[in-house]
Amino acid sequence: METPKRRRSNTRARLLEGALEVFAERGFHGASVEDICERAGFTRGAFYSNFGSKDELVLALFQATTDRLLEQIEALLPELATQPGTLLDAVLGLLDEAAPDQRQWHLISAEFTLHALRDPAAAEALNQQRAMFRTSLTGLVEQIAEAGGLELTVPAEQFVRMVIALHEGARSQSLLEPRKVPSGSLEHTFLPMVLDAVSRPSR
Numbered sequence: 102m103e104t105p106k107r108r109r110s111n112t113r114a115r116l117l118e119g120a121l122e123v124f125a126e127r128g129f130h131g132a133s134v135e136d137i138c139e140r141a142g143f144t145r146g147a148f149y150s151n152f153g154s155k156d157e158l159v160l161a162l163f164q165a166t167t168d169r170l171l172e173q174i175e176a177l178l179p180e181l182a183t184q185p186g187t188l189l190d191a192v193l194g195l196l197d198e199a200a201p202d203q204r205q206w207h208l209i210s211a212e213f214t215l216h217a218l219r220d221p222a223a224a225e226a227l228n229q230q231r232a233m234f235r236t237s238l239t240g241l242v243e244q245i246a247e248a249g250g251l252e253l254t255v256p257a258e259q260f261v262r263m264v265i266a267l268h269e270g271a272r273s274q275s276l277l278e279p280r281k282v283p284s285g286s287l288e289h290t291f292l293p294m295v296l297d298a299v300s301r302p303s304r
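Residue numbers (the working numbering): 102 to 304.
FYI, nobody ran anything at the bench for these hints, they're computed from the structure. By construction, the Cβ of each residue, glycine as well, lies at the ideal position given by its N, Cα and C atoms. Just so you know, not all the hints are guaranteed correct.
Pair by pair, the computed Cβ-Cβ distance ranges are [as the list claims (entries may be wrong)]:
| no. | residue 1 | residue 2 | range |
| --- | --- | --- | --- |
| 1 | 128 | 168 | 22 to 32 Å |
| 2 | 249 | 150 | 46 to 56 Å |
| 3 | 150 | 202 | 20 to 30 Å |
| 4 | 236 | 204 | 21 to 31 Å |
| 5 | 236 | 211 | 15 to 25 Å |
| 6 | 252 | 126 | 39 to 49 Å |
| 7 | 267 | 202 | 18 to 28 Å |
| 8 | 122 | 294 | 31 to 41 Å |
| 9 | 281 | 190 | 16 to 26 Å |
| 10 | 283 | 231 | 20 to 30 Å |
| 11 | 255 | 142 | 45 to 55 Å |
| 12 | 231 | 172 | 17 to 27 Å |
Work the whole structure out from these sequences, hints included.
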């Protein structure tokens with residue numbers, strides 16, 4: 102028998118899934134609460150019993166992405182001591198897996214970022230989500246670097262910021278010009294050069 106807690110969790114998950122589709126189709130501002138409820142098969146009451154606003158719903162989408170990333174990192178860490186992977190491959194792989202539908206996620210992320218630039222409250226909440234994301238990746242970078250006998254000459258958090266910046270910019274270009282810029286090509290070409298410039302063997 103489904104418990105009230107599980108029913109609420111399922112409702113929330115279906116609203117998030119419906120919102121992801123509607124936001125990608127109509128944009129953050131173009132999508133209404135009614136559109137999201139219709140797609141998910143729920144009423145406005147169900148929406149507002151789970152989320153206070155569209156902003157809160159989008160931030161929940163970011164949180165779900167961060168949670169998946171944390172699970173993936175926790176699964177990876179035990180292997181690093183005996184089988185250290187390639188730092189960049191591990192980080193880029195996690196960035197891609199955290200957002201399986203790259204086009205859909207890029208549309209939502211880019212538009213909400215623009216919204217946050219105009220809305221201080223949304224900016225503060227988004228910055229908190231991004232900080233959690235970076236903290237997780239930074240911990241992974243530090244663990245892999247140590248296991249692989251590598252020392253970064255810049256703070257690991259700054260290196261992660263740069264990796265994310267290149268990844269997000271490259272994703273935009275590959276979505277617009279998939280033949281000229283295949284997905285992942287810019288990152289895998291240039292990030293090894295950057296890593297060589299900001300790292301050295303551990304003493």
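Status of each hint after checking the structure:
{"no.": "1", "hint": "128 - 168: 22 to 32 Å", "in the structure": "holds (25 Å)"}
{"no.": "2", "hint": "249 - 150: 46 to 56 Å", "in the structure": "holds (48 Å)"}
{"no.": "3", "hint": "150 - 202: 20 to 30 Å", "in the structure": "holds (27 Å)"}
{"no.": "4", "hint": "236 - 204: 21 to 31 Å", "in the structure": "holds (27 Å)"}
{"no.": "5", "hint": "236 - 211: 15 to 25 Å", "in the structure": "holds (22 Å)"}
{"no.": "6", "hint": "252 - 126: 39 to 49 Å", "in the structure": "holds (46 Å)"}
{"no.": "7", "hint": "267 - 202: 18 to 28 Å", "in the structure": "holds (20 Å)"}
{"no.": "8", "hint": "122 - 294: 31 to 41 Å", "in the structure": "holds (38 Å)"}
{"no.": "9", "hint": "281 - 190: 16 to 26 Å", "in the structure": "holds (23 Å)"}
{"no.": "10", "hint": "283 - 231: 20 to 30 Å", "in the structure": "holds (26 Å)"}
{"no.": "11", "hint": "255 - 142: 45 to 55 Å", "in the structure": "holds (49 Å)"}
{"no.": "12", "hint": "231 - 172: 17 to 27 Å", "in the structure": "holds (18 Å)"}
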